[in-house]
Each structure stands twice: as C-alpha cells, then as structure tokens.
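Number of protein chains: 4
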Amino acid sequence: MPASAMDSLIFRDIFSTAPMRRIFSDEARVQYYLDIEAALARVQAGLGIIPTEAAAEIVRHCQAEQFDYAMLKAQTERIGYPVLPVVQQLVGLCRDGLGEWCHWGATTQDITDTATVMQIRDALVLVEADLEAIAAALAELARRYRDTPMAGRSNLQQAVPITFGYKAAVLLAGFQRHLARLRELRPRVLVGEFGGAAGNLSSHGADGLVVQAKLMDELGLGQPEIAWHTMRDRIAEVGCFLGLVTGTLGKISMDVKLMMQTEVAEVYEPFAHGRGSSSTMPQKRNPISSCYIHASVSVVRQHAAALMDAMIADHERSTGPWEIEWIVLPEAFCLMAGALKQTRFILEGLEVDVAKMRANIDLTNGLVMAEAVMMGLGRYIGRETAHDLVYDICREAIRQHRSLLDLLAEHPEINRHLDRAALAKLCDPANYLGHAGVMVDRVLANLAA
Amino acid sequence: MPASAMDSLIFRDIFSTAPMRRIFSDEARVQYYLDIEAALARVQAGLGIIPTEAAAEIVRHCQAEQFDYAMLKAQTERIGYPVLPVVQQLVGLCRDGLGEWCHWGATTQDITDTATVMQIRDALVLVEADLEAIAAALAELARRYRDTPMAGRSNLQQAVPITFGYKAAVLLAGFQRHLARLRELRPRVLVGEFGGAAGNLSSHGADGLVVQAKLMDELGLGQPEIAWHTMRDRIAEVGCFLGLVTGTLGKISMDVKLMMQTEVAEVYEPFAHGRGSSSTMPQKRNPISSCYIHASVSVVRQHAAALMDAMIADHERSTGPWEIEWIVLPEAFCLMAGALKQTRFILEGLEVDVAKMRANIDLTNGLVMAEAVMMGLGRYIGRETAHDLVYDICREAIRQHRSLLDLLAEHPEINRHLDRAALAKLCDPANYLGHAGVMVDRVLANLAA
Amino acid sequence: MPASAMDSLIFRDIFSTAPMRRIFSDEARVQYYLDIEAALARVQAGLGIIPTEAAAEIVRHCQAEQFDYAMLKAQTERIGYPVLPVVQQLVGLCRDGLGEWCHWGATTQDITDTATVMQIRDALVLVEADLEAIAAALAELARRYRDTPMAGRSNLQQAVPITFGYKAAVLLAGFQRHLARLRELRPRVLVGEFGGAAGNLSSHGADGLVVQAKLMDELGLGQPEIAWHTMRDRIAEVGCFLGLVTGTLGKISMDVKLMMQTEVAEVYEPFAHGRGSSSTMPQKRNPISSCYIHASVSVVRQHAAALMDAMIADHERSTGPWEIEWIVLPEAFCLMAGALKQTRFILEGLEVDVAKMRANIDLTNGLVMAEAVMMGLGRYIGRETAHDLVYDICREAIRQHRSLLDLLAEHPEINRHLDRAALAKLCDPANYLGHAGVMVDRVLANLAA
Amino acid sequence: MPASAMDSLIFRDIFSTAPMRRIFSDEARVQYYLDIEAALARVQAGLGIIPTEAAAEIVRHCQAEQFDYAMLKAQTERIGYPVLPVVQQLVGLCRDGLGEWCHWGATTQDITDTATVMQIRDALVLVEADLEAIAAALAELARRYRDTPMAGRSNLQQAVPITFGYKAAVLLAGFQRHLARLRELRPRVLVGEFGGAAGNLSSHGADGLVVQAKLMDELGLGQPEIAWHTMRDRIAEVGCFLGLVTGTLGKISMDVKLMMQTEVAEVYEPFAHGRGSSSTMPQKRNPISSCYIHASVSVVRQHAAALMDAMIADHERSTGPWEIEWIVLPEAFCLMAGALKQTRFILEGLEVDVAKMRANIDLTNGLVMAEAVMMGLGRYIGRETAHDLVYDICREAIRQHRSLLDLLAEHPEINRHLDRAALAKLCDPANYLGHAGVMVDRVLANLAA
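Residue numbers (the numbering used here), protein chains in the order written: chain B, 86 to 534; chain U, 86 to 534; chain F, 86 to 534; chain D, 86 to 534.
No incorrect hints appear here.
Listed below are the simulated DSS-like cross-link pairs for lysine-lysine, each with C-alpha atoms no more than 30 Å apart in a straight line:
| hint | chain 1 | residue 1 | chain 2 | residue 2 |
| --- | --- | --- | --- | --- |
| 1 | F | K158 | D | K158 |
| 2 | B | K158 | U | K158 |
| 3 | U | K510 | U | K441 |
| 4 | D | K510 | D | K441 |
| 5 | F | K441 | F | K510 |
| 6 | B | K441 | B | K510 |
| 7 | F | K441 | B | K441 |
| 8 | U | K441 | D | K441 |
What the hints contain is simulated information worked out from the structure, not anything from laboratory work.
Model the full structure from these sequences, guided by the hints.
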C-alpha cells in the first residue's frame, strides 16, 4: 500500500489527478524509455548504423506492459539506475540477439533525461489545459460580476469599494502571464539529451550529431546545443514555473477562505451534499478545496528550491544532485495537478452571494465611502476642508454608532451644498467604482487577443 | 501504479523502506484510527459513559482489513477528511446499532492528530534503531582505524594528518547528540489530542478530562495540557529532528563521495556484483548509496521548512496549514528511512584502503608534514626561525618537485641539529596525529555511558 | 548606507532590535575574537606555555575599539577570513613582540566557531527574556479573559464557543514548550571549539586537552568531546529552534490579523496616534506589527533550511557550507528579535472588545449553539432524535433568517420539555464553555511550576 | 554598526557589491520614491490636474539628500510604511503649500511597488553586465582550451576524456539561456503600479488611466493591464531568475573546488599574495571565492522560495506577505551580485594546469581509455568480443597495477591486429574526444548570433 499522499488509496485524487500520476508512473516511465530506444533504433537503421531487421525487432518489443517490474526493481537496486535493466530486458525479448543493436551509443542519463523532458512535455499539456480552464472560469466571473460592488480590502480592513468582476480580472491577468511564461519556456526546456558518458558523443563516429538531430526530430524535441547532463537550469526552470503558478493558486484559495468566513460569507466553494459540513455544527460551510490547495502550494514552493539545489551538479555527471529531481519533479507536478483541479472546481462552481457583498459594505455604517464623500464634497468646499470635515464626521459616526449618511445630512456646512438624496448618491458604492469596469474589459480583451 | 519515488514499484526500496512505508500506509492509518476508537470505547465503557456491550462490539470490529477502501476514498473526497467515513463504516459493521456509541464526543482532528502521534512514535522506533546501528558501525570504524593515518582536509586541501578512526569518531559524536535529541523530544511530542470541536471538551460533561487522561494512558501517550489542534510546534519539531539527522547523513555521504573519487580512492561503498560499475568504463566504482542519500537529504531539509510553514495555523482548527503535514510528514519519514538504510549499508560494509590513505599523504612530497617539522625544529632553532626556514624549503620543494625530507636533510642549518633519520621521524604522519586517538577514546567512552 | 532591511536606517528597528544587532555587529564579533584570544593567553600563561608578561600585554590590547576596520576589511578580502587579520593587528598593538605569543596553537575556525557560540549564548539570553515576557503577557490575558466567551473557529467558520482566555492559554502552552526546548539545547549547543587545523590538536603537546578544558572554563562554555568544525548539527539546531519559535509567533500574528478584520473586530493591536490608520479611509485600523511578524517568520523558516544545508560539510573543514552560517545566523537572530519585539508589543497592549466577541457569536442567529442544544435536549428525547430534530430546526432557521432560540421555543416536541427560559439558558454560550476554564488553570499552573 | 553579512564593514564587498547595495540603500529607495512623485507631478501638471507652479516646486525638491532620515525612521515606525513620511517631508520642503499637490491620487503601495520595479530594472542592468562578462570569460576558456584533453567525470569517477574547452562551453550554454530568460522577463516584470487604495483608480476621474499611462511612459516602465498589488508573480519570477542564475554559479564553484583539490590540482582560483594560503600549511591553495559563491547560492535559493510564499497575498492589499519582499528582494540581489563578482573573478583569472589535466587521465593506467579501445578493436574482432576481451584485460590491469597499453600490446589476440604504436594511438585521449570541439564551436556560434 502506498505511503505518500499523492499515491494514497484515499487521498490520491484529492492531492493529485490520475492523468498526471499516469505520466510519472513506473510503467509510463519505462514506456518513455522504450519510445526513445525505438526512435533511436529507427534513426540508426535509417542511417545504416544498425540493421533494419534489428530495428524492426527492437521497435516491436518496446511495449512497457511486456516488462517484468519485479526484476526491474531488483536490478535497479543493484545497478543504481533503471535504464540498463530495461535495456537488458528488451534485449532478452528480442529474437536472435537482434536486441544487442538497441541502445547503440547511448548512455543511461541520455535516456533518463530525454524521458524526463517527455514527461515534462506531456505534463505541461495537462497544466496548460487547466490554466486555460481556470482563465475561462475567471473570465466568466469577471464578465458576470463586472459591476457587482463589494468591499475592496487592504490589510484585511475594508478600504474602498471594488467589484467582484474586478477581483476576478486581477487574478485572470496573472493566468495570462502564466500562459505566456509557459509559451516561452517550452522551446528552451523541451530539448532532449544524447551525448554519451561525458556528453561529447565520443563513442560515436562522425555521424554522432546527425543521429542526435534525427533522434530529437523523431521525438519531437529540440536538439541540445551541447550536453546538459549537469546543467539543470532547464529542469529547475520548470520547478520555478510550477512554483509561480501554484503561488497564484494559493492567492485564490486564500481569498476564497477569507470570503467564506462566517463573518464575511460572500462566496462559497461549490456545494455538494455533505461537503464541508458538520453533523453537529449545522452553521458550518468549510472551505475544503481551498485547504488542499493551500497545503499543496506550500510544498511545491519548497520543491522549487530543491530543484534549484539540484543545479549544484558536479563535473559531467553529478553525484546525488540529479537524484533530487527523481524525487521532486513527479511530486511537484502531481501536487500541482491536484491544486489546479481543486482550483477549477472552486472557480467553475463558485457560489457568489451578491447581496452579502453589498451588505458587508454597509457594515461600517458607510465609512468605507468616506474617500468618495471627500472627493465629492471637495468640489464645493475645497479638498482639504472636505477631508478634515469628513474625517471628523467619520470619527463621530464611530463614536455614536450612527451612519455616515445621517451625520452628513445633518451637518449645516454640508447640507447647504448637498441634500440627503445627493449625499446618498455619494455614499452609494455603485457610484464609486473607479475604473474597475474598464480594467475588467482590458483584461478580457487580452484574453481574446 | 504509484507516481512518487517512495512508492514507485522500482525505486521504493531505494528511497524508503517497507517498515516505514507500512506505518504511513492507508491501512495502517485506518488501523491507528481504529485503535484509538477502540481505546476510547473501552475507556468510556469503563467509566459507564457507553454500554459495555457496545464497547465490546466496537472493539471487535476495529480491524482495518475489514474496511472498504474504495468507499473510504469516495467519502473522504466528499467530506474532506477520512475519519468520519471510517467511523461510518465502523458503525455499519457493528450489530444492533451498537456502533452508534463509537467516537463518542470525539472530533475528527482528535483522532487524526492522535493517530499522527502514534505514527511518529512507531516511526521514531525505526529511526532510533537505525541511529544506533549507524553509531555502532561508526564506533567499530573508530576503534579499528583509531591509529590509521590519513590526510585531514580543509577547504578540500590536504592540511595535516588525522586518523580514519578520528574521522569516524567525529561523526559518531554527532549521532550521540541525535540520540540525545530523540530522548528529549519524545515526552514533549508523544502527546495525544482529545478536545472536541474547539479543543475545550465542551460536548463532554465533567468527566471530559478523565476520559482524556484514561484514553492517553490506554494508548501509551502523554496527556496534553491543553488542545494543540493549531499549535503545531510538536510536529514541526519532529520535522526539524529529521532535518538535523539527515543533515549528518548528508555530511557522511559527501565525505564518502569525495573519498571514492578516482584521484583519492581511500574508501568505497560496499561492493556487490555490478553495483556502481559501468559496462564500458571498467575503472569506475560509482558511489550509489551516497547519491541517494544526498538527494533525500536535500528534500527532507525543505520538508522541515514546510512543516514550520504548517505552524501558521488559524484560530482553533486551521484552514490549510494542517494539510501540509498530511503530505510532508509521511514523505519526510520515508525518505529519512531510505537515507538511514543507505547510510547503514555504506558504513557497515565500508571498504577502507589504508595503503591508499597513507600514499595520499605523500602526494605533496611531504609538504603536509610542514607544520610538524616546524614544531619539531622549533625546539632547536626557535619557533619563528623554524617557521621561516621550513616555509622557504617548502616553496623550494614545490618548485623542484622534490620531497620535503630530501631538502631538509640537505640543509646545513638543519642537519647540524637533526640527521636524516630524525628528520624522517618528524616527517612521519604517524608521529603527528595529535590527540586523535585520545579523542576517539573519549567519544567511544560516551557511547558506553 | 546599508541595503538590508535589518540594517536599514529606516527599517532596522522594525525588523530587528538594537541589542540583537549589537551582538552580530562587526565590532562585537571582533571583541568576541579578542575575548577568546585573551582567555587563551591567560590560560596558557597559567600553564606556563607562554610568558606571563606576554599574556598581560595581549589581554591589555584585546579591545575591539582599538582596531582599524578598514584594514581589517582589506585583509579579510585578501585572506578570506577575518581572524588572522585581527591577530595581526593585535600583534602589532603589543609592545616588544610580546604579541607573537597570542593565538598560540589556535586555528581560524577555532576562534570563529567559539565566537559564534558566544554570540548564540548572548543572543539566546535576549530571546529567553522575550519568550518570558510573551508568556507573561499571555498568562495575563488567559487569567483576565478566562471566562470571556467568544466564537471558537474551525476552518474559518464559527464552530462552538470558547473563551478568549482559553485561546491565550493554548498559545501560552506553546511558549512553555519553547522555553523547555531552550533549556535542553543550551548545554548541547554552548560548547566551544579548540582543535587546530584538523581538530585533533596536533600542533599541541600533551597539554592540548588541558588547554582546551581550561579555555572553555574561562569562557563559560562546554568542552567539546571532539572537534565539530564540520559537524554543524549544533548550529542547525539553533536555526530549528528559531524556526519553531517564529512559527508560533506567526500563528499569533495570523490570529490577530483575522480578529482585527473589519467584519470580526474582536481585538486590536495597541493604538498609537496615526498607527495603522489611513488619511482617507477613517474606518481602517491596520494590523501593522502582525504584518512585520508574518514576513519575518516566512524568512526565518527558510533560513532554518539553509542552516541544515550548511551541515553538508566536507571533510575536516568545509568548503562553502560553513559560510552559509555567516550570512544566515545573524540575520535569523535579528529577524527573530524583531518578530519577538513586535509580538510583545501586540500582546502587552492588546485591545480586546469583549462585547464584539459576544456579539459575533450571535451572528449565526444562535446556530453556533446547536451542538449545545443537541446535548441538552438529548437528556429528554434521546441523543439521536435530538440531533435530527435540532439539525432540521437549524436549517429552518437559516432559511427563515430567524434565531434558533425562537424556533426551538415554538416547537411542540421541544417546548413540552423545556420552556423558553430553559432553552435560552441552553443557547447561552457562557453555559457551554466545556473545560476551557480548567484548561486555562492547568496551563497557568505549569507556568508557576 | 551593521549586523548583516552584506552590510558588514568587513564582509560587505565579499558577499555583495557597492553598486548593488547602492540600489537598495535607504537613500536610493527614497530617491526612487521621489523620482516617481516628480514624474507624477509633471504628468499631472501637463494634464492640467495640478498647477504647473506646484509641479515645478515639487520636482525641485525631489532630492533624497535633502531628507531627514532620523525623522523618516521615527515616522515609518509609527505609520508602518515609509512613503507617507517621505511625502510629508516633501510637502514641508515646498514653499507656499504647493507641496500639497504632490502624491495626487496615489496610494502608498503604488509608489513602493513602482520603486521596487525601478530597483529591479537597475539591478538587472548590473546582473546582465556580469552575465555577459562571465559568458565572455567562458567563451575565452572554451576557445583557448577547445582541444585540451582532461578527464570527463561521472559520479566523481573518471569516465572518458573530454576537453577543458568543452567543459567551459557546457557552462557557457547555460549563461546563454540565462540571458534569454532575462530578455523575456523584462517586459513582463518592468511594469509599474498606479491604482489607488484598491487598485481601481477610484479616487481618479475619467483621466485615471491616462495619468497611469503617461506616468509609466515618463518612468520608462510598462503600463499594467490591471492592478497587481496582490498578484506578485512578477516579483517572484525575478526571485526565480536569481535562483536559477545562482544555481549555475553554484555549479561552477563546485567544479572549481573539486578541480582545486590537492589530489586533482587541475585549475586554481587566481592567485594573489596570501590569498587562500596558510602560514603553517604551505601546500594549501584554498578555493576562497568558490566558498563564498557556494554559501550565497544556498541562501538565494531559499529566498526564491520565500518570494513564492509572498505570492499568497490576501484580497486587494496584503497583510504580511508583501513585507516578505522588503526583506528578501534586496538581500537576494545583493548576494547574487557578490556571487556574480566572485565568479567573474575566478573565471577571468583562472589558472589552468594543462599538464596536470593530462597526467590525471593517466592515473588509471589508461583504463579511462577502455571505451575507446573497445570501439577501436571492435572493427577487427567484433564489438561484443572486443568488449569482453578489453574488460578482462582492464581487470587484469587493475590487479597487476600495470598499464592498459602494456597488457593490450602483450595480448596475442590483439597484437595480431594492432601493433603497439597503433594501440598507443587508441589509448591516446587526444584521439577520443568525440564531438567536443564541434560542440564548443556550436555554442560559440550561438554567442555570436
């Protein structure tokens, strides 16, 4: 039985997803190895380096499900790396010793690194799909609630009104940046490895670089300018990308948790029977997905640091730092996948209590509109005077627990300029939303672009 | 198929161990829950809070293997935590509704936290056994090589001679400290949790604290002075302990890797057929276990930081930080177990090349003995004069690629005081080992104490 | 002008404190070096190793303010470590070449490590004083608000009532554990270093260990069992301690921030004119100190990981890992000091709005008392029936936006057993505080012990 | 006196550089604030929002050296942020109350964030210059040693020959990627902030976005699509970039340290009198700069994680996470600057011992050429036969401590095909360098592009 949260029989679909786990499963890893061995055989047969018959036989057996995993485990423990044991089984599966032509001129880390890059490529496809779905969900929220007032909060204090659509658009802009980052890193990161023991293709003849180029073509990967066995900036960059994206997921989960508080109650994670409720505390509506996101994000951030640690590789093939990636990369992607899924779940089904948002603005008896009133009144009595007057009235409102509007309407210096109806308009958050709507539109326009 | 390195069909016994994984497996976790429910039922029956018949029926069904894990998974995903689903299945297994008496007055986190502490307790037993085995192996090395000269190195430069036993004793002293830390943290950490929704036992009558005390007695855990649902220093302290211990394992693996270098070749990881060798590079003897240790250590260190992050818990029951522990704690223990196992393997079978150690000291043509010569000659010609003279001769030895001894023996100012035999004695590392042996004895004496 | 936040002319007393910075200042560091050199001279003179006259002259000049820091900087950049430059200046200050007797048989890292331990010792005195002050402030809050009801919160949802004193006592228990940790680590950590180039005192004669013992006595430090130049668990343990303590500070700051929210408004950081207020948003009362604490905690946690990284030291004197400590240790202590100070400031002057605490419990129209009502009613109509009935009434209360008490009092199955007065009693949080008070007393009793 | 390593009177130019510290100094920070205030005044005067006379007077006083830093410190401690205190002093400096027009419609975080971006912009200019200098130094090494054989090492074991130029080119390719990353992140990161209390420019009229656009033009920064007060991916991305670059610096320092070992002795940090030497151990040549780099890298990596932590910002203006950046960003840049400087120093003056590189290849009695011999012999006796035969001979060579060439030349199955001269050619590392040279050329060509 598994011991890690992401493989747990109970927690695995909470902290991860099946498609992502599949990419980093043992069988998939072996299949990636075999896809590379098959591609190498095809390329080398095409160049006349190995017999066509051998290539055909090798390709025919590059099926991970034919492999014996118990033997693979035992041999990996003995040798230290799983590539050679896979090759040995592959040789064994081929008839007439034709398998001896497989893995021609390759080194363990060539296969492992290239497989890792293929895992990253496939994993990033899943990540991108989730990023786009999240962006779409945020765009929908931004559109629908473009003009829905709520309290903007600074230092966990109500500050001035914003709209819920604006809040969504701020998040959306972040995902647009993440998608741009993904576009930029792909060509730099999705580059294979094929260089032999020290990377300089020394066991290859003059055709070494041709084999390398054709192999990468075959696999749909970029050709490396030079070996990167111990230059791990590409892998660490992926870790940073995961860290940056999960950081934004963490920000979303933080806001959702805060807005779900009993005392705030503005949005809710999607309801499902029994979800987040308590049998003895019927008033509770727990933010479940947000908790999972929070936790995963805290771990992925540290994984990013561990992947940077893995960069401190020695000489041409490193002694320990490389293996950091073996542990961390699958886990970071799996946790990330879980956090993305939970975030999608929240955003695609978010329950929004527009009335409560409006009601919360009134919690301060209108004080949250003080800045608006100052600006509005300034036109009549001067900015500074307006500021000082309104500030004094606000303190009085706090003292007397009365509404700002009432006190403004009673004040002789004010009601000579503005009657209660005009003051009520000034105190209406819907009239003090600034450029929230326009900003929403700008972000949505970027999306279309 | 699992996706994490520690559960991988291929890597799991490289990066972890079966006994440690077992403790953090789903089935074991459910069994810990059930052990607590059973103990609670027994205690409450003993106090007359629930019927004796109910307790007997509950205890009879507290067997993890009777549980349906697919259902458990589905319900956990719905509810957010696995405790209630376990309780519901337990209720279902009991006849005549007697199961309704189980989990009386407990809250989800009471069971989860107490189970976590029991996992920690059992995991620390495994850790302690490995720490003691490692200490024993180091003690054996310290004893055997107490007087075996080798180059002491500072800044990766040969400095002055030490003994290999001294090197082992320095490490051993660290493990003695780790064992002391373990002794100290146990009573503080191995404390259960039982407090209800907000920890104040409000759903219990006057006997709440009695139930709590008897429950902890039954489980062999300490009684908490007050709830610690959101005071996670105990758990983070365990994470720090794992981080500290693995730090020392990392130091060992670093030294072994460095001493195994082709150019140094003083010690080797234990040999096994094919282990760490290459089919085309027969000169290689790769440090396999050291690589695994290095990688695990780099990850556990980051896990320790994540567990400190989990301390930033909100109010009486936290919203996300707690779940960090669910991911990190099992993994930190599992990786630690793997690193301990690899370290034991190295130390219990370490191959030591005493002749090569001695030969390496001579690599510098005796310059590594310069300090010894300065000290020895000082008696005759004064300390400062001796220093300046020897320093000049050393530079000459570097320039001429000749041995220090030859140049010393030729020097008129020196050979008037000391003949070649006397100088050779000064240049013999075995005569300049300082208090290495005595220090070894001191550390070994601590072990006995 | 300084560039770091902790030395900044503007921020230094926000993120740190003057007494802590003093300990880690250049002048103090030099003075620690000189204190060790002076002690060594005294010890060696006492043992007849160096002339008494030399020792007197050396001791006389061991005054950091006599040193030229520009020269020290230049020489440190050349040599790589500041100890030798300090010794050279000391030699220069002494008359008649008597200074040549200073630093007799010591190595750079002996002085540096011992100075570091002395810095830690003095820094921990400051830390302990703050921990005790914080514990005292929490004890005062626990005592004063022992029976003051407030909402206990789980998953940021109101759960069941607790008292504010109980909340303080939960925190207080954590500080009691931190003080115990401090007591335990002191004898293990406050151990000096004196071993020479490779730690084995090879440049000393038979009296090496005697000098070591007397030197440590003189300095008030423990004698090491063996050199620890590259066994850095002691230093990393201090980092972990700082990480654990700041974790608890982070929990406090999180709770204060949440309780200061506009919508919660139960406690406030101490008021000072202009503090945390806004010129245009008069309703704001920003949690300033809590922000600083949050930030410092996030950084110290990472520093703890960096100090574990520093444990991966090579051979007898490490090549880079050691210098991690030079950067991290001063900063971790300084940030910690700032966070402790800010926490003291909050807790010693915390404004508590008891009425608002009580009012918040009523926010859910009494639903937060549902568990209490279930328990109370169970006596009359059976536990399960009571649960189902109350749960249904709660959902009705949510639907109708009416109070739980009203609906209970109207219900025929309920009011036949309990009249409105009796029901009101059940719904009174003050009657459902469980063992909160007793638990407070238990924790306070520990404090006295 | 400062307490941090980067501000230390002794260490500051070891762990940082003056130009980088200058950017993050208090005075520079104030000047950045003032530059923004001046730009804002100019823009608003141009748009007729504030009087031209006021703008002129404001701009005239935007000189950081006119400000009182003690007062600034005191007021910042009171208010919590330094921007308002700066504005207040600026107002005070202006005649006739004209200063009241400054900071019109701006909020504290607008100014702080924009200043931070300007600091990043200027700091990245310094970083880029160092990256280019390092790339140039590596290019020079790659060119000069393009065909200089040395042992390629895998798992710290000699594997097959490479060239030192190849080793340099592998590193160089990494810096080319870093420079590409820098180009990509600049337009995304170098974007200002101007949005008011909640980011939606609510205190501005219709011209809010026009002011924003013109202000960013004036400052040479990009205009934000929407506020990013609590979307900190831009800042965290910079942290990741620093982490990635320092990771590569760490790799370089690791290789230099390893190559400087007494037993390897292939390259040396540049020599300067007394640098890295010992007064009593004349054989030592310590890698000083490499140690500093190693340490800084370990810290910056954790800073990157802390900056990702800072992404978990609440609502519209965060409560603590933001302040993480205040501590971490200056330090990460300063440590990075120090590490870049030390790396430049090493690479621009690296001493390379070509003869020792060649001699080390011979350490294994030619075994490091086994793969080459297998490949060469395969042509005559078949690949598999060649492998088995050579492997056996290698083991014999190890057993007898004789050279591979001797044993090959003696072997009847071999010397019938190849005479000693031919075999010597096979055993010559210069003839088995694979595509090392071509790869060097490819990377150098990229540089030119």
